[in-house]
Each structure stands twice: as structure tokens, then as C-alpha cells.
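Protein sequence lines correspond, in order, to chains W and H. The C-terminal position of the first sequence is numbered 305 in the numbering used here, with every residue numbered one higher than the one before it. The C-terminal position of the second sequence is numbered 305 in the numbering used here, with every residue numbered one higher than the one before it.
Note that these hints are calculated values from the structure, not bench results. There may be inaccurate statements among the hints.
Any copy, or any two copies together, can satisfy a pair, since identical chains are not distinguished.
[As the list claims (entries may be wrong)] Mimicking DSS-like on lysine-lysine, the simulated pairs with C-alpha atoms at most 27 Å apart in a straight line are:
{"no.": "1", "residue 1": "Lys181", "residue 2": "Lys300"}
{"no.": "2", "residue 1": "Lys76", "residue 2": "Lys212"}
{"no.": "3", "residue 1": "Lys212", "residue 2": "Lys181"}
{"no.": "4", "residue 1": "Lys181", "residue 2": "Lys76"}
{"no.": "5", "residue 1": "Lys76", "residue 2": "Lys300"}
What follows is each chain in one-letter form.
There are 2 protein chains.
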Amino acid sequence: MSLVVVGSVAYDGVQTPRGRVERMLGGACTYIALSASYFTQVRIVAVVGEDFGEEDEALLADRGIDLAGLARVPGKTFYWSGVYSEDMNDRTTLRTDLNVFAEFRPELPPHYRQEPYLLLGNIQPSLQRQVRRQMDGVRLAGGDTMNYWIEGHRQELLETIRDWDCLLINDSEARLLSGEKLLRRAAEVILEMGPRVLVIKRGEYGAALFTKEFHFAIPGYLLPDLCDPTGAGDSFAGGFFGYLAEQGAEGGGAETDPALLRRAVVYGSVMGSFCCERFGVDRFRTLTRAEIDARYREFKALTGF
Amino acid sequence: MSLVVVGSVAYDGVQTPRGRVERMLGGACTYIALSASYFTQVRIVAVVGEDFGEEDEALLADRGIDLAGLARVPGKTFYWSGVYSEDMNDRTTLRTDLNVFAEFRPELPPHYRQEPYLLLGNIQPSLQRQVRRQMDGVRLAGGDTMNYWIEGHRQELLETIRDWDCLLINDSEARLLSGEKLLRRAAEVILEMGPRVLVIKRGEYGAALFTKEFHFAIPGYLLPDLCDPTGAGDSFAGGFFGYLAEQGAEGGGAETDPALLRRAVVYGSVMGSFCCERFGVDRFRTLTRAEIDARYREFKALTGF
């Protein structure tokens, strides 16, 4: 049950209270793909420049990720850098060099087009829409977005998410998109916009999932150590969607099993928690499925009553 | 299994995005006592002035709360007023008139002194300590504190909480008290200070409980409506401790049953969530135990996977 992932592959410069890394592999597509690769076959669509390192490509390939849709074009890879606040709940962007990403026009290799699962990382909504239309018979389509598109490209965004089964955003984005401050009210408004499933990521405070029939919430996994939160939200999305793909979740016209959605939220949280333990994608260099399943069980013990 | 509650009984002026109330019954002892009264016999120790209204006293008495320890002295009742931020996660104090509370010296009526449960609301640590010493054979003693005492009266506070079974504070207070930013690390440090059980209240994000043997976390109940968060933390404490008292929880030398502690955290959250639905203590005028138990079950359904 393959999952097609579209988004940015980038280099990041990150400073947190735990240290500083000038340049490391990053980007939403990278985190989503690495995280989802523990659950299902992943095929990515992204663009990088001539400076993209062989070792970085190898990391993705070693996780079994299909790179047929990874375009290599003249120029430099997208670069972003930022610095985190003392508690790591906020960050300030220092630099954004779009580079080759500015001209990114996602083209799906033919063998991607019949895959049943599609996860669209945060890119321009019109591009997300074009990708969605290149896919035939998608069973479950989901995506992320951000404040920039909600505020500046609202109509385009609304037309885009109307076709999605699942929208994954954070709490401030949910409030901005809905105009409602209370999460439950925000969810009611957003579920009228098209998506049948809304996942709200709440950083260290966990996540909540809403459908018109039920909602579900979990606290964040209480990390014994926090190194770098970069990519945690995308790792969450990768775990959530990867698990649904692994389990062959039904979408489209059909209802997704609530029990499956709940477990997917927990797997998403687990993947986000692992991501924060090292800088950038480093945790994924050693992480095993056994560790993931052990933390899932720990999570169950931690929250059960 | 009676619970002795010590703290402030006050009048509050509150402004939230939902409205404004110039003067209403408030104070930590009030919220704790009202909340705990759904679970167990409560006996309060507090002080009010000549302006304390009969209808306010009647509200407490009607909930079966023992007012033998409520001193009425010349002067005015403690008055506090504040205004909440748009998302109600922050508040600014506009006025604090201690009035008769400035001279509060808690004296326990003789029939309070052998009670097994003691919950000390946020007052000066040396006073909390004096109360603790007036009690013989307490089975479970707990209390709250605040930034003011942590920063300005640290030694006095440390000497006070050393004798407690349970400390209930919010996350920023836990970070301040421990000097650690990560909740799990903060808890490790605080559990070395004396309390065997640490409950960290996280406002809309729920709560976490730590002992040296295990920890437990729940998300906040997702309110369909939020009117006024004043007293939610104290209502949490009242529900948590009230439930433990109702169940005859063991403390002192003995270990408290982990399953009991977990359920107590959920009952605490449930009581905090009800408190937010109306201004001040208004929700407690109509709330029933059946509603509480129904929300507990809803909470279980909302968080189970």
C-alpha cells in the first residue's frame, strides 16, 4: 500500500538551546517520508539542486524510499535557517532561500499515479491541487498547510482542501483557518470545508483528531530529553499517514475506522517524539520499528486509566 | 473521610472575552471546597470580612461544607480582579486588596484535627506549615503554591513541602521550582524535595502526574464552550483530592494506589472543565454528581485507543 509524499527537501540551519547545526538535511517531504517509511512503501516527489549530497540521497534510499520523483535541477537546494526559543515552543526564521524550490512544479512519475495514499506537505495550494489531480483512484488524500497560505491565498487553499480526506495542521493554523478560538468550534468549522478528518497538532501538548462523528485527544509524549523540534510535525504526519497506509485504511467515499484513526494519531505522536531527540533527521538513522512499537505501548501505559 | 481545606475565600472581579463580572464569590479555598464537596465531606479554614454575603455562605453550606473554620472578622473580604487574554491562557491582575486576608492565621476547630485528608490552597508557606502541624494523623496531605513563594520565599517553601504527600502546581511553577525546562526532568528534581506525588496542571492542555515509580498524562477536556477559567486549577485540585478522600486513598507511609491516582487526575480535569463553563463558581450551583460521572466516562472514550 504505497504512499506518495510531495513537499520540500531542503537543507536546514538550526539553533536550539542544545546546540547549533549550520547545514543538515531537512524539509517537510524528507521528514514525512522518513517517518512513514517505517510503516509503508513511500514514493516522494520533490526537487533538489546540484549541491544535494549523495549521503543524504543514500539515507532516503536506505529507508526504501522511491526517489523516482526526486528531480535534480541546476541551482541550489532550498535552504532554511532558524533559532528556537528557550523552551523550544517558538522559533524565529533567520533565512529562507527558496533556490530551486521556487520553480518546483511537481510531476508524478507514471508508476506513482495509481497509488492509493497521498500526503501533501506544506507547499503552494495550487500545486497541491495539481498533484491531487494527477492521481487516479486515491483512497486517502491528506495534506498540511501553513499560516502564509491561510492568510494570503485563502480561496486557493479552500478550493484545494475541499478534495482532501484529511487535513493536518497545528492549533494556531486551525484557529486562523476557522476564525474560532476554541479547538472544538474551530474543528466544526473546518470539517464543513471538505476534509472528513481533521488532525490538530499541538506540539509538546499532543494532538487531537476530529470527525463529524467523534473526536479524540492525547497528551504529548513526555520526552526525557529534547534536542531539536524541527520536523516533529512532519514526522507526526508521516507516522499518522504511514500507519493508515500500512493498515489499508479506507477513505474516499468510505468511512475510515475510528479505532484505526486513533491508533494512527498515537503512532504520529510517537514518531514526532523520536524526531525531537536528535538534531534534524539524525534519530531516523538508527530508529527501528521495534523501538516505535515499544514507545506506542509505553504511550498506552502512560495515558490509560 | 473528611477533607480539610485551607485557603482564601474572596470576591473576584473578572473580565474575559465572554463578558465581565464586577464582584463574585471566588478564592482558592472556595473553588477547592465546592469541587471536592461532590466527593467527600469538606471542612474549610478561611477568613472573610463583614461584607461576606449570606447567599455566598449559603452556597457553601448547601453543598454540605463545614464552615466551623470560616472566621468572620472586622474589615473587608479579600478582593482580586483581573482581565484575561483573548485566548484566556494568560491573565493580568488589575487589583489585589488583601483586606482581612492579610492577617489570616489559620486556626483549626478541634473537630478538624483528626481528619485524614488535608489540602492546603496557595497561601504563605509558613502558614501552610502551621496548619499541617495542627493536624494529627493525616493520611494524605497536599497543597498548592505559586511563583511568588517559589521566587521570594524559597527556603520557607522547601521546608513546608518536605512534609507533603502531594504537590499540585502548574507547569511554569514546576519549571521555576526545579530549574528544569523539561517537565519530566522538573518532576525528577521536585520528587527529591519531599512530595511522593507531583501533579502538574497544564491548563487547557490537561495534566500530568509523577511519582518515582510512574507517570501519567492526559490532554485537557476539549470544551465546547469556555466562559471564564478562573478557579479551574483549584477546582482540579478539589476534584483530585476529593476523589482520593472518597476512595479512602492511603498516604503517609503507605503508597497510594497508582490506578487511584490516575482516576483522581481525570476527576480533577473533569472538575476543572466544568468550572470554565460559567463565570466564577456559577457552574457549581447546578452541577450534579451524575454530570461529573458522565463526563468522566466521556473523557475515557475521548482518550482511549
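A quick look at each hint next to the structure:
Taking the shortest alpha-carbon separations for Lys181 and Lys300, only the inter-copy value of 24 Å comes in at or below 27 Å, while the best intra-copy value is 29 Å. For the homomeric pair Lys76 and Lys212, neither the shortest alpha-carbon distance inside one copy (44 Å) nor that between copies (51 Å) is at most 27 Å. Within a single copy, Lys212 and Lys181 get their C-alpha atoms as close as 18 Å, which meets the 27 Å cut-off; across copies the closest is 37 Å, which misses it. When the C-alpha separation of Lys181 and Lys76 is checked against a cutoff of 27 Å, the pair qualifies neither within a copy, at 40 Å, nor between copies, at 38 Å.
Taking the closest pair of Cα atoms, Lys76 and Lys300 never come within 27 Å of each other, the shortest separation being 44 Å inside a single copy and 51 Å across copies.
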